[in-house]
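Engineer: The task is to assemble the complex, starting from two chains supplied on their own in separate frames and drawing on the hints.
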Amino acid sequence: MFGYVVRRIAATIPVMALVALFVFSLLYIAPGDPAAVIAGDQATPADVERIRLSLGLDRPFLIRFGEWFWHILHGDLGTSIFTNLPVTAMIAQRIEPTLSLMAITLVFAVLIAVPAGVLASWKAGSFVDRAIMGFAVVGFSMPVFVVGYLLAYCFALQLAWLPVQGYTPLSAGVRPWFENLILPAVALGCVYIALIARTTRAAMLEVLQQDYIRAARAKGMGEAAILFIHALKNASVPVATVIGIGVALLIGGAVVTESVFAIPGLGRLTVDAILRRDYPVIQGVVLLFSCIYVLLNLVIDLLYTVLDPRIRY
Amino acid sequence: MDRRTFLKTAAGAAVTGSLSTPALSAGAATRALRFVPQANLANFDPIWGTQYVVRNAAALVWDTLYGVDATLNPQRQMVEAEEQSEDGLIWTFRLRPELRFHDGEPVLAKDVVASLTRWSARDPMGLMIKALQNELTTVDDRTFRWVLKKPYPKLLFALGKNNSPCTFVMPERIATTDPFKQISEYVGSGPMRFARNEWVPGAKAVFEKFADYVPRQEPASWLAGGKQMLVDRIEWIVMPDPATAAAALQNGEIDWWENPITDLVPVLRQNRNIEVDIADPLGNIGSFRMNHLFPPFNDVRARRAILMAMSQEDYMRALVGDEGALWRPLPGYFTPGTPLYNEEGGEILKGPRDLEAAKRLLGESGYSGAPVTCLVAQDQPITKAFGDVTADLLKRLGMNVDFKAIDWGTVGARRAQKSPPGQGGWQMFHTWHAGADCINPAPYTALRANGNAAWFGWPDSPQLEAEIASWFVAKSLAEEQAAMRRINKAALDFVVYAPTGFFLLYQAWRKNVSGIVKGPLPFFWGVAKSA
Numbered sequence: 109m110f111g112y113v114v115r116r117i118a119a120t121i122p123v124m125a126l127v128a129l130f131v132f133s134l135l136y137i138a139p140g141d142p143a144a145v146i147a148g149d150q151a152t153p154a155d156v157e158r159i160r161l162s163l164g165l166d167r168p169f170l171i172r173f174g175e176w177f178w179h180i181l182h183g184d185l186g187t188s189i190f191t192n193l194p195v196t197a198m199i200a201q202r203i204e205p206t207l208s209l210m211a212i213t214l215v216f217a218v219l220i221a222v223p224a225g226v227l228a229s230w231k232a233g234s235f236v237d238r239a240i241m242g243f244a245v246v247g248f249s250m251p252v253f254v255v256g257y258l259l260a261y262c263f264a265l266q267l268a269w270l271p272v273q274g275y276t277p278l279s280a281g282v283r284p285w286f287e288n289l290i291l292p293a294v295a296l297g298c299v300y301i302a303l304i305a306r307t308t309r310a311a312m313l314e315v316l317q318q319d320y321i322r323a324a325r326a327k328g329m330g331e332a333a334i335l336f337i338h339a340l341k342n343a344s345v346p347v348a349t350v351i352g353i354g355v356a357l358l359i360g361g362a363v364v365t366e367s368v369f370a371i372p373g374l375g376r377l378t379v380d381a382i383l384r385r386d387y388p389v390i391q392g393v394v395l396l397f398s399c400i401y402v403l404l405n406l407v408i409d410l411l412y413t414v415l416d417p418r419i420r421y
Numbered sequence: 008m009d010r011r012t013f014l015k016t017a018a019g020a021a022v023t024g025s026l027s028t029p030a031l032s033a034g035a036a037t038r039a040l041r042f043v044p045q046a047n048l049a050n051f052d053p054i055w056g057t058q059y060v061v062r063n064a065a066a067l068v069w070d071t072l073y074g075v076d077a078t079l080n081p082q083r084q085m086v087e088a089e090e091q092s093e094d095g096l097i098w099t100f101r102l103r104p105e106l107r108f109h110d111g112e113p114v115l116a117k118d119v120v121a122s123l124t125r126w127s128a129r130d131p132m133g134l135m136i137k138a139l140q141n142e143l144t145t146v147d148d149r150t151f152r153w154v155l156k157k158p159y160p161k162l163l164f165a166l167g168k169n170n171s172p173c174t175f176v177m178p179e180r181i182a183t184t185d186p187f188k189q190i191s192e193y194v195g196s197g198p199m200r201f202a203r204n205e206w207v208p209g210a211k212a213v214f215e216k217f218a219d220y221v222p223r224q225e226p227a228s229w230l231a232g233g234k235q236m237l238v239d240r241i242e243w244i245v246m247p248d249p250a251t252a253a254a255a256l257q258n259g260e261i262d263w264w265e266n267p268i269t270d271l272v273p274v275l276r277q278n279r280n281i282e283v284d285i286a287d288p289l290g291n292i293g294s295f296r297m298n299h300l301f302p303p304f305n306d307v308r309a310r311r312a313i314l315m316a317m318s319q320e321d322y323m324r325a326l327v328g329d330e331g332a333l334w335r336p337l338p339g340y341f342t343p344g345t346p347l348y349n350e351e352g353g354e355i356l357k358g359p360r361d362l363e364a365a366k367r368l369l370g371e372s373g374y375s376g377a378p379v380t381c382l383v384a385q386d387q388p389i390t391k392a393f394g395d396v397t398a399d400l401l402k403r404l405g406m407n408v409d410f411k412a413i414d415w416g417t418v419g420a421r422r423a424q425k426s427p428p429g430q431g432g433w434q435m436f437h438t439w440h441a442g443a444d445c446i447n448p449a450p451y452t453a454l455r456a457n458g459n460a461a462w463f464g465w466p467d468s469p470q471l472e473a474e475i476a477s478w479f480v481a482k483s484l485a486e487e488q489a490a491m492r493r494i495n496k497a498a499l500d501f502v503v504y505a506p507t508g509f510f511l512l513y514q515a516w517r518k519n520v521s522g523i524v525k526g527p528l529p530f531f532w533g534v535a536k537s538a
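Those protein sequences? They're chains P and F, same order as listed. Numbered by our numbering, the letters in the first sequence go through residues 109 to 421 in order. Numbered by our numbering, the letters in the second sequence go through residues 8 to 538 in order.
This is chain F alone, in the form it adopts within the complex (with noise of 0.2 Å):
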C-alpha cells in the first residue's frame, strides 16, 4: 500500500465511522421531554435566586413540606401528619418515613430545620414567621417543632405556597449555607435529580428520574400530591428567540413550549400536531409603578389622576391584541377567579375615562410641567407594550414625558435608588405581578406600604399596612374575605400601584404530549411522552 492509498483508506475510514449518527431508540424518545422555558437557568439556588424559572426547575429537584393544590390550599408533602396546640402557638410536624435525598440519604428532621431557616431569611412570609418564633428544633429524625409566640394562621400556606422562595428540603450541609450567597451542591429531594455534568448554563439543563423518590399517593394537583414522573428525562433547552422556538416546536424539535409570544400562536394553531392553551389560569396583573417619595406621584391626587385617565383596555390590547379571551379589566389589585377576590373600591378604574376630571386633579396636586422620568424596559415585550401606551396616556394629561428607554438589567438596577428623578432616580416603571402572587397578601410584596421597607416607590400608608395586617389573624374564610375588602378600597384609595390590567398567557405543545395541565408553573409530574 503506497502512501496516498494509505491516507485516502485511513481518512475514509475515519469519516464512515464519524458519520454514524446516534440515533434514539423509539423508546427512549419517548421518555426524553424537551421543553423551552420561559427564560434561562442561569442559577440553580432557588432561596439565593428568586426568578420564577429557577423556582419552576427547583420543584422538579427539590420537594416540599406541603403543597398548594389547584384550589390554592395547602395539602400534605413531605409531612406524614401534623398537630397544633390548642392556643395555636405550637406547630409538631412529622415527616414521611421513605423519604430520600438524591444522594441516598434520608431526609431527616435537621435538614427540614436547617432549610426552613434559611428559606426564612429570605421570604416575606418566613420573615413575619422567624419574627414570632420562640423555637424551631428537631424532636427525632422525623420529626420537628415549631414554637411561636402569637398564633400564625397562615402557616401551613406559607409552607406549601408557590410563589418564590418555596420551602424546597435540602440536606442540611447545603441548606446551612448563608442565604445571601449561592449553593454550589445541588442534591435534591424530589422526583428528578438534576444533572450536573450535562448543565451549559444558557443553553441546556437536564433532569433525570430519580429512582426512589416515592410519589404520595393522592393524584397530582398542582404541588400537591403524587409527583409521578411517566418520562425518564427532561431537557431544558433555552431559545432566546421566539421564532426559533416557534419552528423548533412545528418539526417537532421540541414538545413543550412554556410561554410563546401571542404574534405567533396563530400560526402554531393552523400546525395540526401542537396544542395552544393557556398556560396559567392565575394570570398575571400589570403594574404601573409610581414613586411615592418624589413629586408629583408622592400626592395621592396625582396617582388617583392616572387611576382615572388610564384605559386598561389600552394597555391589555397593546399586549395581547386582539385575543379578548387573554385579558380583562381588573378594577383591583386582586387575581380574577380566586376565593377572595373583589373589587371594592373600584369605581374609579371602571366605566369611561374622563381625562378633563384627570387633567384638573393632577393640576390640584401641584404638577406643572416638571419632567416625570418613566423607566421603560425594552427588551421585554410585556413592559415596552405598556411603556407606549403609558407615554402617550401622559402627554395626553398634560405632563412632560423623560421616557428612558433602556433594558430590563438597567430598570433593575435604576428602581433601586431612592434619588430624586434628576439625579438617577424615578418617577415610574412598569412591571408585571405573577396573578399567583396576587392571590391574597401574604406573598404580594408589591402590594405593601410600609415605606422605606416597601418594594420599589416605597409606599406608605399605615391604614392600609393594618389592613393587611387584619387578613393575616383572620381565622375564617368569611373573615378573610372581608379584610380583603378592605385592603382592595385601602389600597385603591391611596393608589399602591395603578394596575394595568388582568392578562394571561399561551403554552403550546406537540399532540403526542398528554397530561399537561395549566398552572401558575410547569407541572411535569404526570406529563407523557408517546412516539
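Here chain P stands alone, though its shape is the one from the complex (with noise of 0.2 Å):
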C-alpha cells in the first residue's frame, strides 16, 4: 500500500508538468493582451505597448515558459500583473471561502443524496422512487445560477432569513459563516444531490439482487440494516467513485455559485483572471485545482480499499 502511494504520487509529478504546459501553451496563443486592459480605454497604441514591454510580454514563448517553470519548481507562482501580489498570496486570500463551500456542499449533497438513492432503490418503482428519480432530474437540468437566484429571492429577499451575498470568514464566528454558505451550498449541491442519488440508487439495485441480501431477509433482519449496513457498504465503490469524480463538477459550480452569491473565492479570482488575462493568476489557480483533482482522486482510490477489502494494490 506505501509504495502504492508513493508511486501514484509520484506519478502525479509528470501530470503536473504536462498540465502546467498545457496551461501556459493555451494562454499564450489565446487572444487578449494584459496590457491593453492595464492601460484603459483611452490609452493610445503606444502606451500600450510601452506597457507589453514593461511586463516583459514580447519575450520568446520558450524564455518565458522556462522562467515561470523554474519559479514553479521553488515554489514561487509569480506574481499577478494587475495587483502586483504574488499569486500565493491571492490564492490564499481566496482559499478559505472555495473550500468551505465546497466542504459544505459536499456534507450536505452526501447527507441528503445518499439516503435518498438507497430509499429510492428499496422503493424503486412507486412513487417515491420517481418523486426522487424526478428531483434528481431537476436538480440536473436547472443551472446553478438560476437556483441560486431563486433560492436568494425567497429566502433572503422574501422571507429575510439569510443573507443575499457574501462570505464572512469561520474566524469571526461558526454562524455568520454558516449563514452565509448556506444558500450557495444548497444551489451548488442540487446538481451534486442528483448525481450521487442517481449513482447510489443503481449500485444499490444491483446490490439489493444479491443472494446474501435474500438470506439476510430470510433470517430476520431489520430494513434498515440490510439497506445501510450490509447493502450501502457494498454499493459505495461507485458512489465513493462519482463523488470523487463530482469534485469538478464542485469546482465548475464554485465559479458560478460564487459570482452569484459575491463570494470572494478562487471561481471569482479564476473568472477575473481570465478576463484580465492575468496570466500567472490564471495559471496558478488552475494548477491548484489540478493538484486537488489529482490528490482527491488517490485518496478516492486508497478509500477502495477500506469500503471494499477484496481490492488491493
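Think of the hints as simulated: they come from the structure by calculation, not from any bench.
Footprint (simulated), chain P over chain F, 3 or more residues, beta carbon under 8 Å:
(1) 47-59
(2) 234-247
(3) 410-423
For each label pair, taking beta carbons as the anchor points, the in silico distance ranges come out as:
(4) L219(P) - Q430(F): 54 to 62 Å
(5) Q266(P) - Q488(F): 52 to 60 Å
(6) M124(P) - A398(F): 39 to 47 Å
(7) Q235(F) - F286(P): 39 to 47 Å
(8) N519(F) - M250(P): 31 to 39 Å
(9) L126(P) - D395(F): 34 to 42 Å
(10) V254(P) - Q488(F): 52 to 60 Å
(11) D414(F) - A268(P): 35 to 43 Å
(12) L219(P) - A39(F): 34 to 42 Å
(13) R167(P) - A489(F): 45 to 53 Å
(14) A268(P) - A39(F): 14 to 22 Å
(15) N519(F) - V254(P): 26 to 34 Å
(16) L170(P) - G458(F): 33 to 41 Å
Note that the Cβ used here is the ideal one computed from N, Cα and C, for glycine as well.
Structural biologist: Here it is, written out as C-alpha cells:
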C-alpha cells in the first residue's frame, strides 16, 4: 500500500508538468493582451506597447515558460500582472471561502443524496422512487445560477432569513460563516445531489438483487440494517467514485456560485483573471485545481480498499 | 468527568463561543458606507493603470493640485495660490501649509514635482506640457515653478481635470517610479487612507478616514472645495452579478450602487427604501470606431455612408429600452449641456435616414462585398447592444459582415493590430467615451486624427489636427467656442468615428444615505449615512 501511494504521488509530478505546459501554451496562443486592459480604454497604442514591454510580454515563449517553470519548481507561482501581489498570497486570500463552500456542499449533498438514493432503490418503481428521481432530473437540469437566484429571492429577499451575498470568515464566528454559505451550498449542491442519488440508486439496485441480501432478509434482519449496513457498504465503491469525480463539478460550479452570491473565492479569482488575461494568476489557480483533483482521486482510490477489502494495490 | 462528557462539554463550549456574532454598534454601522463600484479595483496605481475605477478610488486617497467643479472650471485644491508671468511662460505655485501624507510627512514641493513628472509622461495634456516645458523645479518646500517655452492657457484645467490620469500627488519616493511600472506603496495625500491589509482584489477594498487631512473651507463641488468625510470607513464591495447587487441593495446589505443596469431599475424603484437617479450628467458617447487604414473605411465616402444610414435612436433604444430620459441624439462629438457643445456640420446625422443614398455612396467608395470584420465584445452590455444594431445596419447596407463575438480583453488586444483584417486586423469595433472626456479636445484621445499616433483606427486629418491646435491656444470662451465649431465640423466631414448617441446611466442608493451628487465619478465627501 505504502509503495502504491508513493508511486501514485510520484506519478502526479509528470501529470502536473504536462498541465503546466498545457496551460501556459494555451494562454500563450489565446487572444487578448493584459497591457491593453491595464492601460485603459483611452490609452494610445503607444502606451499599450510600452506597458507590454515593461511586463516582458514581448519575450519569446520558451524564455517565458522556462522562467515560469523554474519559479514553480521553487514554489513561486509568480506575481499578478495587475495587483502586483504574489499569486500564492492571492490564492491564500481566496482559498478559505472556496474550501468552505465545497466542504459544506459536499456534506450537505452526501447527507441528502445517499439516503435518497437508498430510499429510491428500496422503493424502486414506487411513487417515492419516481419523486426522488424526478427531483434528481430537475436538480441536474437547472443551471446553478437559476437555483441561486430563486433561493436568494425566497430566503433572503422575501423571508429575510439569510443574507443575499457575501462571505464571513470562520474566524468571525460559526453562525455568520454558516449563514452566508447555506444558500450557495444548496444552489451548488443540487446538481451534486442529483448525481450522487442516481448513482446510489443504481448501485443499490444491483446489490439488492444479490443472494446474501436475500439471505439476510430470510434470517429476519431488519430492513434498515440490510440497506445501510450490508447493501450500502457494498454499493459504496461507485458512489465514492462519483463523489470524487463530482468534485470537478463543484469546482466548475463554484465559479458561477461565487459570482451569483458575491463570495470572494478562487472561482471568481479565476474568472476575473481570465477576463483580464492575468496569466500568472490563471496558471497558478489552474495548477492548484489540477493538484487538488489529482490528489482527491488518489484519496478515492485508497478509500476503495477500506470500502471493499477485496481491492488490493 | 468521563471522556465522552468532557468531549461534549468542550465541543459545546467551542460552538457557543464561536456562535457569538460580532455585531457592529448602530454608531459604527452608520459610519461605514458599503459601496458597489462599477468594476473591480484590480490595481491601485492611477498613473500606471488609467481605468476609471482606479481613478475613482484614487480620488479618495490622493489629492490633486486643482479640481474641476460642477461648472467644469478648475479650482485650487492643494494649491494655496498661483502666479503667472505676463508672457504666460512662468507659472509659480504655492502649496497650502497644512498638507500631510498618510504617513504623517508633510507634502512638499519636491513631492509635487515628482508626481507631475510621472503624470506628464502618461497623460495626453501632460505630454503636451512636457513638450513645451523648459523646467519644472522646486523653489522652496512649499513652492514650485513651471517654466514653459510657449504659453499653455489650459494648464490649470490640466492640473484639475477629472479625466484619467489625474494629477494625484504622491510622496517623491513613490512618484519617481517608472510611469510604465506599477507602484507598490499607497501613501496618499487625500481624505481617506487605503487599508491595504484589507484589500482583496476582485472582491473588496477598504478606505479609512485620514484624521490629519485638512479640507478646504469652500463647499465641495465635484473635485473642488472642502472634501469633508462624514463616514469613517468606506467599503468597496465588488459584485460581478447585477442581480445580486440589486438584491443586496434591497436587503440593506449595501448602501450605494454606482451603476445599476437599466433592466433592474424598475425593480429598485418599487422599493420605498431606495433612491434611483442619474449618476453622471455628463453621460457617455457611444462610438462606432472604424479602421482608417483599410478598405472600405479608408475612404471617407464609406465612413460617411455609415453616418447617413445609422439611426442613433436604434442604438440608444437597444441600450436603454424605453427610458427616453436616458438618451438623446448626438449630431456631433461633444458632451451635450457643456459650454463648448455644438452641432456644427451635424446635418448628416439629423432627420430621416436615407439608406439608398448611403448605399450609393458606399458603392462610389469602391466597396464590392468584401468581408467587414466587426469586433463586438459580448461581455460588455453596451458594446453587445451596439454590435447587434451594427450587424443589422451593415447587412441592410449590403455589406458582408464578419461578426466577431469576442470578449473585451480580446477586443483590447485585437484593435491594436495594424495588420489587414484578414490577417488578424479589423475594420470596426464599438466602445463608448465618458462625457467628461468629451467636453473639449484636451482629454479627448478618440477625437485626435494624428495618424500613427492617434487612437485605434489611426485617423489622419491634418485639417482636424490644426483645428484642435487652435482650441488649445484660444484665449477666451468665444474663441474656444468658435474653434470647437470648426472642430466638430471637420471631425464630422472626415468622420473620425461615428457617434451612436449620447446616453446616461443610473446610480441607486438606500434612502438613509444622503449627500450623493451627480458627477463624472462617485464623490464620497459630503455623503452621510443615518441608522
